[in-house]
Amino acid sequence: MTLYETILAAYPELKGTKSFMDGTITLQNDSDGAGDYILVWEYSQPIPDGLKLGK
Amino acid sequence: MAKQSFTTGQILTAAQMTTLQANDYNQTVSAKVASYTLVATDAGTRITMSNASPTTITVNTALFTAGDTLTITNIGAGVCTITAGTATVSTGGSLALAQYDSGTLYFSSTSAAIWNGANPGDITGVTAGTGISGGGTSGTVTVSIDTSVTVDKTTAQTLTNKTLTSPALTTPTISTLTTNGDLLYGTGSGALSRLGIGSTSQVLTVTGGVPVWATASGSSGPAFRATPGITIQTGVTAGVFTKVTLGTETFDTDSNFASSRFTPTKAGYYQFNMTADMISTTLANQYMARLYINGAAVNIFACYEGATTSADGQWIGSGSEVYYMNGTTDYAELYAYVGGGTVSFGVQSRFSGVWIRS
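Protein chains in written order, with our numbering: chain A, 1 to 55; chain B, 1001 to 1358.
Next up, chain A with everything else stripped away, as it sits in the complex (with noise of 0.2 Å):
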């Protein structure tokens, strides 16, 4: 399960929405072999365990 899924996995609610794209959660990738990666977590909800903000 990809880092997208399993956020959409903990908040359904967010599938369909902006947020991925609007900056409340900006995931990213830098194609440096890291991996993907929370680079903004503005959402309202906190981010779901196991999860960390950054690299």
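Rather than coming from a laboratory, the hints here were simulated on the basis of the structure.
Computed from a prediction, not measured in an experiment: that's the story for all the values here.
Each hint should be verified, as a subset may be incorrect.
The list that follows gives simulated cross-link-like pairs (lysine to any residue, SDA-like), each with its CA atoms no further than 20 Å apart [stated by the list, open to error]:
1. A/K55 with A/Y43
2. A/K55 with B/G1295
3. A/K52 with B/T1237
Here are some chain A residues the structure puts well away from chain B; computed CB gaps all over 10 Å [unchecked claim]:
4. L8
5. A9
6. Y11
7. P12
8. E13
9. Q28
10. W41
11. E42
12. Y43
13. Q45
14. P46
15. I47
16. D49
17. G50
18. L53
Partial pick of chain A residues on the chain B-facing surface, computed with a CB cut under 10 Å [as the list claims (entries may be wrong)]:
19. F20
20. L27
21. L39
Using N, Cα and C, we set each Cβ at its ideal position, and we do this for glycine too.
Once you've looked at the hints, dock chain B against the given chain A.
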């Protein structure tokens, strides 16, 4: 007695002979006290000049005949100068008579006279003054320039604290200038300072009130263009802003592009042009491309947001932006985002940039 003109048959009297004899042994004297112009009756006589101030005795033509002589004696303190009027007066010495000096004026023609002036006297000694060495009081003496004091034309010498007014220099050598292309500039205190030659393509500018060589701001700077080549970037996660991998450089003028990142080495404003080729194997409703500066998004320059049921599986977004880069640490990258499905970035992606001004 002035010069007489005798005629054929004339009887020479005893009185005349006595007078003529007297002229040889007791010369007729014509005393003058002011500047005087010779007349014909002065031939054969002695002219005396007595004046405390300078005077002249002027010699004109057509008054005397060839062979005439007369003597001039200066008894005054003022110098008496024999002066050519309309006649020519030649001499091997001086035409000036100091007090008590005498000379003879001999006419070689009616218009030319030769002046035999007073004997200037023997030189009894030569004393070398400042800047000259040598001299002596007997025999042949030699004087030379003392080069420890006086500058001559042929000896290499060092001048210190000398003022040259309007000097004309021919191929001067200045020891301060050590390198081909060095320049001199004034320091404002009358001294000169060396400015060493700059590097190729540098220009002369002013920093801190003095001229310096600097890299020209110029009209050109780094430029690059990169593409994915023929490689599709797979494994992109939906919902994630992912850096577009651009592994093929069309050009990179200053080798500033590496690892899909442009880090210009020249500060200034840059024009960036971007195209992101975004593919989703399933329907996706959001596509977005972004310019990232220093790892942070600075602009959404291409975005498509469509209905879930109408979105295509591939979308190409293009845009451009002008951004200032510091020329050292600032870098630019291309990121893209697809909102759903299994995502990849196609081979139509493009990223280019060029320096446009400082």
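We went through each hint and held it up to the structure:
1. A/K55 with A/Y43: Satisfied, since the Cα-Cα distance of roughly 18 Å is no more than 20 Å.
2. A/K55 with B/G1295: 13 Å, holds
3. A/K52 with B/T1237: 17 Å, holds
4. L8: 8 Å, violated
5. A9: Per Cβ check, A/A9 is outside 10 Å of chain B; nearest 12 Å; holds.
6. Y11: A/Y11 clear of chain B: closest Cβ-Cβ about 12 Å, beyond 10 Å.
7. P12: 14 Å, holds
8. E13: Correct as stated: the minimum Cβ-Cβ distance to chain B is 14 Å, above 10 Å.
9. Q28: 5 Å, violated
10. W41: Given a closest Cβ separation of 13 Å, the condition holds.
11. E42: 14 Å, holds
12. Y43: 13 Å, holds
13. Q45: A/Q45 is indeed farther than 10 Å from all Cβ atoms of chain B, at 16 Å.
14. P46: 18 Å, holds
15. I47: Fine: 15 Å to the nearest Cβ keeps A/I47 off the interface.
16. D49: A/D49 is indeed farther than 10 Å from all Cβ atoms of chain B, at 19 Å.
17. G50: Nearest chain B Cβ is 17 Å from A/G50, so the label holds.
18. L53: Given that every Cβ of chain B is farther than 10 Å from that of A/L53, nearest at about 14 Å, it holds.
19. F20: Result: holds, 4 Å to nearest chain B Cβ.
20. L27: Result: holds, 4 Å to nearest chain B Cβ.
21. L39: 7 Å, holds
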